[in-house]
Amino acid sequence: MKEVPLKIEHDGKWIVVKAGVGEDRISFPAPVEKEVLFKSVFDLEEKKNVLIISAKGTPDSILRIASVEKVLIILKRLILANCNAYRLMAYFMSPAIRGGVLSKDAQWEKGSIVVVKTGIWFVSATKQISVPLLDVAAIDLTKRDVQGKQTDVVRIDHVDAGEVVSSLVLCPLSTLQVLVNFLKDTTKGMDMKGNELDAVAQQVAMLIYSGMDSHAIENMLNIPHKQLDEIYDRIIKLEIAEVITIRREVQLTTKGVRYISDATKTQTN
Amino acid sequence: MGTILIVDDTLFMRTLLKNILFSGGHTIAGEAANGEEAVAKYKELKPDLVTMDVVMPKVNGIEALKAIKQLDPGARVIMCTAVGQEQMVKLAIKTGAKGYIVKPFQAPKVLEEVKNVLAS
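Line by line, the protein sequences are chains S and A.
Note that this note's numbering has the first sequence beginning at 266, numbered continuously upward.
Note that this note's numbering has the second sequence beginning at 64, numbered continuously upward.
Just so you know, the hints here were simulated from the structure itself, not pulled from any lab data.
It cannot be assumed that every hint is accurate.
Said to hold, decoys possible - Calculated pairs, SDA-like style, for lysine to any residue (alpha carbon to alpha carbon, straight line, at most 25 angstroms):
id: 1; chain 1: S; residue 1: K408; chain 2: A; residue 2: I91
id: 2; chain 1: S; residue 1: K408; chain 2: A; residue 2: A145
id: 3; chain 1: A; residue 1: K129; chain 2: S; residue 2: G376
id: 4; chain 1: A; residue 1: K166; chain 2: S; residue 2: I505
Unchecked claim - A short list of chain A residues far from chain S (calculated; beta carbon distances all over 12 angstroms):
id: 5; residue: A92
id: 6; residue: K104
id: 7; residue: K129
C-beta atoms are modelled at their ideal positions from N, C-alpha and C, and glycine is treated no differently.
With these hints in hand, go ahead and build the complete structure from the sequences.
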């Protein structure tokens with residue numbers, strides 16, 4: 266076992282320990298005194314350089330670990346290679362499209378797709394990309410030109426820092442189908458029938474997606490504020506949009522008009 | 064910042080692109096609703112950049128791109144198409160497109176792509 270310095274959350278506080286990392290386990294000395302076999306790990310999340318490891322046990326344990334990138338990369342590699350997850354060897358391209366723009370330096374990488382309880386990991390010799398299932402916006406079995414041939418691939422869209430990122434997975438068709446079914450099943454709570462919105466509301470949704478604000482949407486679709494507000498109510502109720510800020514429109518009171526009139530007089534005199 | 068010709072057969076997409084590009088400080092040189100109109104407008108307006116829809120009536124985006132490249136080999140054209148039609152990328156790039164955006168797109172990324180292509 267190799268000793269690596271890292272921070273771990275223990276009793277609500279972050280403490281520095283020298284953890285022992287082996288090929289199949291990680292162990293923490295006192296005061297944590299815990300050993301986790303990688304094969305017992307059923308979930309791995311990464312949030313801002315903090316790894317959240319969920320492992321089976323009595324009771325299940327959730328470990329929050331922070332360390333330098335080099336240490337986290339080694340830990341992720343070991344955990345993802347050994348944990349209790351749906352795993353398949355595949356070629357992937359991530360990100361292939363970001364915000365609707367094709368990534369020019371994107372290329373197919375040989376590696377594996379690891380699906381844990383709350384996310385999908387794209388793992389290759391140089392990359393470990395996590396896509397939380399809650400952020401998955403679309404899953405499609407589609408075709409792409411790969412070395413001149415139309416080939417079946419899975420396209421996974423997810424939202425990352427407000428941008429829609431598309432990743433592509435390439436492996437035998439039967440495996441792709443299993444992956445699609447699995448992911449669709451896992452994220453089915455987010456599906457919609459497709460007839461919930463009328464044409465104008467769909468256009469509003471598209472404009473929001475493109476980053477337009479209320480003022481721009483009203484002008485572009487030539488609709489009054491009240492109609493847009495009603496559409497907002499509908500899409501918020503459908504949970505496809507959320508309020509991020511409330512702006513106010515005001516008009517001057519008599520006192521305000523007087524203030525401006527006086528100020529103008531002062532300027533012109 | 065540059066002058067841009069927007070080519071798309073739907074008014075909605077043209078309006079959206081116009082808003083995005085205008086918000087990024089660009090000047091909208093003009094709009095065209097099909098490939099034929101796009102080539103004519105390109106000749107007339109000589110824009111710094113064209114955003115070109117791929118699937119359009121009369122002359123499609125790829126054909127219009129070819130015609131524009133014949134007129135002006137240095138023309139900067141960003142192709143724009145819907146999800147699932149990305150197989151057109153190779154053909155478009157081969158024909159001389161400088162960039163490619165997929166609908167639906169997000170404003171900051173479109174502006175970034177436009178900036179990159181204008182700088183090329």
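Hints, verified against the model:
{"no.": "1", "hint": "S:K408 <-> A:I91", "verdict": "violated, 35 angstroms"}
{"no.": "2", "hint": "S:K408 <-> A:A145", "verdict": "holds, 14 angstroms"}
{"no.": "3", "hint": "A:K129 <-> S:G376", "verdict": "violated, 38 angstroms"}
{"no.": "4", "hint": "A:K166 <-> S:I505", "verdict": "holds, 19 angstroms"}
{"no.": "5", "hint": "A92", "verdict": "holds, 20 angstroms"}
{"no.": "6", "hint": "K104", "verdict": "holds, 22 angstroms"}
{"no.": "7", "hint": "K129", "verdict": "holds, 19 angstroms"}
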